[in-house]
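Could you put together the complete structure from these sequences and hints?
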Amino acid sequence: MSSNDQAPINQDEVRRILDQHKDKTKTALRVCAHCSLCADSCFLYHVHDKDPRYMPSHKFINSLGKLYKKKGKIDRAGFKEIEEIVWRRCVLCTRCYCPLGIDIPEMIAIARDICRSQEVFFQWSELEQPAE
Amino acid sequence: MVKAKRKPLEEIKQAIQDYTRVLNIGCGGCVSVCLAGGQKEVNLLNAKLNLVLKNDNRATRVDGFTVERQCNEAFLADLDARVARYDGLMSMACGAGVQLLAERYPDKPVFPAVNTIAIGIDRQIGVYEERCRACGECVLGYTGGICPITRCAKGLFNGPCGGTNDGNCEISKDIPCAWQDIYNRLKAQNRLDDIKKIKPAMQWQNQTRRLVVQDEYASRYKDK
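Protein sequence lines correspond, in order, to chains A and B.
Convert by adding 483 to the 1-based position in the first sequence; the result is the number in our numbering.
Convert by adding 956 to the 1-based position in the second sequence; the result is the number in our numbering.
FYI, nobody ran anything at the bench for these hints, they're computed from the structure.
The beta-carbon is built from N, C-alpha and C at its ideal position, and this holds for glycine as well.
One or more hints might be untrue.
Ranges of calculated distance between the beta carbons of each label pair, as one might list FRET restraints [unchecked claim]:
id, chain 1, residue 1, chain 2, residue 2, range
1, A, His531, B, Gly1101, 26 to 34 Å
2, A, Arg559, B, Arg1147, 23 to 31 Å
3, A, Phe526, B, Arg1089, 22 to 30 Å
4, B, Arg1089, A, Glu496, 50 to 58 Å
5, A, Cys576, B, Met1158, 27 to 35 Å
6, B, Gln1080, A, Cys518, 37 to 45 Å
7, B, Ile1073, A, Thr510, 39 to 47 Å
8, B, Met1158, A, Arg578, 28 to 36 Å
9, A, Leu610, B, Cys1094, 46 to 54 Å
In silico EDC-like pairs for lysine to aspartate or glutamate, Cα to Cα no more than 20 Å straight-line [claimed, not checked]:
id, chain 1, residue 1, chain 2, residue 2
10, A, Lys553, A, Asp502
11, B, Lys996, A, Asp502
12, A, Lys507, B, Glu1029
Here is the structure:
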């Protein structure tokens, strides 16, 4: 679903964006109490039968959190997984709620920003069409 | 969602060719979905523009950047430092996104690279049909789910007009009469009473700028 599949990852650019948002990311990862209260505010979580992979906290920890913990050292396959999380499992409606004040949409937006910097983004033109 | 279509290349080129550095800003929202102004379209347009500008011996160079939502300031913060390096901005977002950019960067000229067309539905990849003109006075509940504002050439609330001809519109025999379709659908649902009452003339709220405040949140803003 992403473009430019063969190009090498520009680690410097990934780290630059991570560093730009380092304080917020670090605080969010530290503050998250894994209380799962954010889950209830996500409509995608509900429409997917409360699949835990749709919990906002899960989405941010496994996208931006993963990039941060691995210091951006993620290959294209890893970026593909992150793309799946930040585009297919989140529509960035900004309605999710964290009782501890983590701005989860901002975290997802940063993860998308990093993906976009590597030309990884959702290809709407490749979306499967429903059968007629 | 909002549907848009890219402007002709020549029109875009004319708009930006007097600027040296132009930032083309895409949007990850509706215009990405309708394949008019997402990151892919930004990359494609920039490649074409840079080529024609170079061939015209113009100094203008276009770079690209895509934000997640141009109609929400929360997603524009990352642009601030970037925008300072450019003397002109181009937006591939809908009209709302273009205006928010112009509001946030009032010292920069902002040029739209797409025409915002409609609120519509997805038929196929790259094929979209207008279905709503956001008139602010939805009557779909009484018209069998067929919009007389969008579908009827005259936007009649009490149709059909005298031009309806064997189920087609007088402006073209290839265009079905919206009110014939409304009648047929309501008749099939045994709901013809819904259109027997005369609807009052439309109060065209969209002649002035509208503000949407959801009732549940109105108390937060009542003093503002």
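The hints, checked one at a time:
Here the CB-CB span from A:His531 to B:Gly1101 is close to 28 Å, well matched to the stated 26 to 34 Å. Distance hint check: the CB atoms of A:Arg559 and B:Arg1147 are about 55 Å apart, inconsistent with the given range 23 to 31 Å. For the hinted restraint 22 to 30 Å between A:Phe526 and B:Arg1089, the CB-CB distance of approximately 27 Å keeps it satisfied. Checked against the hint of 50 to 58 Å, the pair B:Arg1089 and A:Glu496 fails, with Cβ atoms roughly 42 Å apart.
For A:Cys576 paired with B:Met1158, a C-beta distance near 31 Å keeps the hint of 27 to 35 Å intact. For B:Gln1080 and A:Cys518, the hinted distance range of 37 to 45 Å is satisfied, since their beta carbons lie about 43 Å from each other. Checking the proposed 39 to 47 Å range against B:Ile1073 and A:Thr510 shows it holds: the Cβ atoms sit about 42 Å from each other. At about 32 Å, the beta-carbon gap between B:Met1158 and A:Arg578 stays in the expected band of 28 to 36 Å.
The hinted window of 46 to 54 Å between A:Leu610 and B:Cys1094 is violated, with their beta carbons roughly 28 Å apart. Between A:Lys553 and A:Asp502, the direct Cα distance comes to roughly 13 Å. Compliance with the 20 Å bound is thereby established for this hinted pair. Among the hinted pairs, B:Lys996 with A:Asp502 is inconsistent with the structure: their alpha-carbon atoms are about 26 Å apart, more than 20 Å. Proximity of A:Lys507 to B:Glu1029 is assessed by CA-CA distance (about 18 Å); at most 20 Å being required, the pair is judged to hold.
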